[in-house]
Amino acid sequence: MLFNSWQFLIFFPTVVVLFFALPGRYRQALLLLASYYFYMCWKAEYLFLILVSTLIDYTAGILMGKTERLARRRLYLILSLLTNLGLLFTFKYFNFFNDSFRLLFRHFNLIYHVPALKVLLPVGISFYTFQTLSYTIDVYRGKKEPERNLVVFALYVAFFPQLVAGPIERSTRLLPQFYEKMEFDYERVKNGLLLMAWGFFKKVVIADRLAIYVNQVYGSPGDFSGPVLLLATYFFAFQIYCDFSGYSDIAIGAAQVMGYRLMLNFNRPYFSKSISEFWKRWHISLSSWFRDYLYIPLGGNRVARWRWYANLFIVFLVSGLWHGANWTFVVWGGLHGSYLLISIWTDGFRAFVRRKIGLEKHPALKKAIRVAFTFHLVLFSWIFFRAQSLTEALFIIRNIFSNWQWPALMTVPGFGLTEIIFAVASIFVMESVHLLQRGTAIRDLLGRQSTGLRWAVYFLLVMAILLFGAYDNSRAFIYFQF
Amino acid sequence: MKRLCLRILLLISAVVVSMLVVLAWPNRDHNHYLLAFWDKHAILESTPSPRIIIVGGSNTVFNFDSPWISAAMGMPVINMGLHAGLGLRFMLNEIRDEVDSADVILIVPEYAQFFRENIEGGRILTRLISLDPKATAYLSSYRQVLAVIKGMGLETRAKLLSLAGLAESPGVYRRDGFNPSGDLIGHERIAADVAALSRQAYEVSELANFNRRSVTEINRFTLSAQNRGAKVWLVFPAIPELNFDRDRINIANLAQRLDELLKIDVLCKPTDSVFPLARFYDTLYHLDPQGREEMSRRVVKALNPNFPKKRE
Numbered sequence: 001m002l003f004n005s006w007q008f009l010i011f012f013p014t015v016v017v018l019f020f021a022l023p024g025r026y027r028q029a030l031l032l033l034a035s036y037y038f039y040m041c042w043k044a045e046y047l048f049l050i051l052v053s054t055l056i057d058y059t060a061g062i063l064m065g066k067t068e069r070l071a072r073r074r075l076y077l078i079l080s081l082l083t084n085l086g087l088l089f090t091f092k093y094f095n096f097f098n099d100s101f102r103l104l105f106r107h108f109n110l111i112y113h114v115p116a117l118k119v120l121l122p123v124g125i126s127f128y129t130f131q132t133l134s135y136t137i138d139v140y141r142g143k144k145e146p147e148r149n150l151v152v153f154a155l156y157v158a159f160f161p162q163l164v165a166g167p168i169e170r171s172t173r174l175l176p177q178f179y180e181k182m183e184f185d186y187e188r189v190k191n192g193l194l195l196m197a198w199g200f201f202k203k204v205v206i207a208d209r210l211a212i213y214v215n216q217v218y219g220s221p222g223d224f225s226g227p228v229l230l231l232a233t234y235f236f237a238f239q240i241y242c243d244f245s246g247y248s249d250i251a252i253g254a255a256q257v258m259g260y261r262l263m264l265n266f267n268r269p270y271f272s273k274s275i276s277e278f279w280k281r282w283h284i285s286l287s288s289w290f291r292d293y294l295y296i297p298l299g300g301n302r303v304a305r306w307r308w309y310a311n312l313f314i315v316f317l318v319s320g321l322w323h324g325a326n327w328t329f330v331v332w333g334g335l336h337g338s339y340l341l342i343s344i345w346t347d348g349f350r351a352f353v354r355r356k357i358g359l360e361k362h363p364a365l366k367k368a369i370r371v372a373f374t375f376h377l378v379l380f381s382w383i384f385f386r387a388q389s390l391t392e393a394l395f396i397i398r399n400i401f402s403n404w405q406w407p408a409l410m411t412v413p414g415f416g417l418t419e420i421i422f423a424v425a426s427i428f429v430m431e432s433v434h435l436l437q438r439g440t441a442i443r444d445l446l447g448r449q450s451t452g453l454r455w456a457v458y459f460l461l462v463m464a465i466l467l468f469g470a471y472d473n474s475r476a477f478i479y480f481q482f
Numbered sequence: 483m484k485r486l487c488l489r490i491l492l493l494i495s496a497v498v499v500s501m502l503v504v505l506a507w508p509n510r511d512h513n514h515y516l517l518a519f520w521d522k523h524a525i526l527e528s529t530p531s532p533r534i535i536i537v538g539g540s541n542t543v544f545n546f547d548s549p550w551i552s553a554a555m556g557m558p559v560i561n562m563g564l565h566a567g568l569g570l571r572f573m574l575n576e577i578r579d580e581v582d583s584a585d586v587i588l589i590v591p592e593y594a595q596f597f598r599e600n601i602e603g604g605r606i607l608t609r610l611i612s613l614d615p616k617a618t619a620y621l622s623s624y625r626q627v628l629a630v631i632k633g634m635g636l637e638t639r640a641k642l643l644s645l646a647g648l649a650e651s652p653g654v655y656r657r658d659g660f661n662p663s664g665d666l667i668g669h670e671r672i673a674a675d676v677a678a679l680s681r682q683a684y685e686v687s688e689l690a691n692f693n694r695r696s697v698t699e700i701n702r703f704t705l706s707a708q709n710r711g712a713k714v715w716l717v718f719p720a721i722p723e724l725n726f727d728r729d730r731i732n733i734a735n736l737a738q739r740l741d742e743l744l745k746i747d748v749l750c751k752p753t754d755s756v757f758p759l760a761r762f763y764d765t766l767y768h769l770d771p772q773g774r775e776e777m778s779r780r781v782v783k784a785l786n787p788n789f790p791k792k793r794e
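Chains A and B, in that order, are what the protein sequence lines are.
Quick note on numbering: our numbering labels position 135 of the first sequence as 135, and the sequence is numbered without any gaps.
Going from the second sequence to our numbering is simple: count from 1 and add 482.
Looking at chain A on its own, in the form it has when it is part of the complex:
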């Protein structure tokens, strides 16, 4: 079930009304059933994978809690890791590595006969696998007591607002909340709904509109000239941000309506002044997951310098691969890793240049330059992320500055000047809101305004979603494929 579907429009209010109508002891079961139904709307069979993950990790947690022996605990952890990563590998990566090996063998004229698996990628498998893994690792490390209530644990794995595209929650944060008594709180519910509406605005008004342009251009880049390729790349940067952060806003808002607090997943990432800052603001739940469960176990920065650099690079490569089973994602991750390493290596030199040209005396200008530079580094990497193959990505890079004729921008079918103006204007509205909420959340800012102004904003927001959303071809959220 998509958040931006008629079904969700019926499903969500029904669940909320039942949630508050039922006594507390039944709410966990209600949410679990609702979550399973939500997931089964895609492909009912794949619920089996969630059930397997749930049972394995629940049992592993319980068994780890029963023994003090490290070797035993490690054995249970390894069993959990093997099961979860095994499922992830089978459904997401097997065909990718299989194809890569086939190409490699063919290159050396060797015979390779492993057949491809005919399986569909289960929606959200990377998200719930990482969420449940964090639980077993935390239990192993002794940071979390094993969860004994199977319903609550199953709900932690499958909680529908964040099941298919995050935020990837930690057991230490989310599990205790399922035991809290959630009362109906008008302000909280209102704020949750407002956040959902903002998420819908980002998704259907901005992301889905930009998708019309981006999909056509990146679908056949050879048909378009330089300016179109460039504009499509800019559009994709905002499309993926609005798509994913829009989903996160809806997820966080939906959970908030029922009283649950999910972690912030995006914090105005395109205002970052450096790549390291970008990764503290983009998909925060994933980057912090990699920090806690991969980077630090690898040794983090408390190792020899070369090992630190290697650790950073490995984390970004794995992060790239997490996003998709394609070399384009690996290159994307590698690019970000390289950016980070180069920024570390050139830190002193860049400070020297800034001092020499007097940029330190103009902090606002310095910040603007750094934000613009970081944004364009990220933008360049998005080409690899969006392209269907490395060949196409390189084709786009080679051709992005060729055939520069402005009227060419309007050659994408179904996306004339009016559509371009709408797209740019909606991005402008969003970024203006981002600028407004630098110090205070926009909801708090809004809460201080008069009733008339607040209602005008609500009205305009709903009208914008209904009137300016792109509904012609219902689009799934990009991050579902990861």
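For the record, the hints were derived by calculation from the structure and aren't laboratory data.
No more than 20 Å apart at the CA atoms, straight line, and that leaves these computed lysine to aspartate or glutamate pairs for EDC-like:
hint: 1; chain 1: B; residue 1: Lys484; chain 2: A; residue 2: Glu183
hint: 2; chain 1: A; residue 1: Lys43; chain 2: B; residue 2: Glu688
hint: 3; chain 1: B; residue 1: Lys484; chain 2: A; residue 2: Asp185
Guided by the hints, dock chain B onto chain A, whose structure is given.
Just chain B now, kept in the frame of chain A:
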């Protein structure tokens, strides 16, 4: 919770009322393409039977030369096509009560109209009703009403743009672009953009998405027309060679399913309606004037054996 529900209800009411006000705002464009709807009904009502009535979407508007078919068959031809977005059910409802005993009806649905909910129409139905609420007379199912409601957001936006003078140029899609038989002829001197055509998407869906209601509706219409003494045929729509080849299996599956379920004969099979891309005009559904001539010739050739008396 009561307070919240009341406020949400109030907000929804404000939004709906605002949209209705915009949609009901008097239309300034009296040359709007969809207003040809009433012109076509006027032609139908004023043309005595026997006559050939062509029913379909915009494909029929571009793909038939009614005066030529009329001359070849010896009876007047009325092209009732306008837009596939009105839905197959609506198109059939339009002429159901107008059919006379000696009439010949050619139903030319788009492939898409056999799949999913396309039989019920889409936002174009909302637009037509906002232009002239009398068109609601041809709504006969709650699904059509839902389609109208679903289209309200986008149509409110289109109306706002139109009122602000920001609507995109209608090009050849104008009420005054039709000939007296209901064919669109405004594009005859404008060259087609084949490069743009090759970028367009066109897909004949898999049988899994087949909507049986489309067949039920055609059969119901046929029974009613046959009871009045009329003849009804199905004509498959024009399709570019490339797309036909790509979706060959899906098309064959659909044709077979229709053969099993439909209670009317097929006048032009899918293979009879295949054309090279160069014969299309602005979309992969609309033929250029040369393609139109060829399609009309093929239809007349298929019709002739059924009308031996006319040929004598």
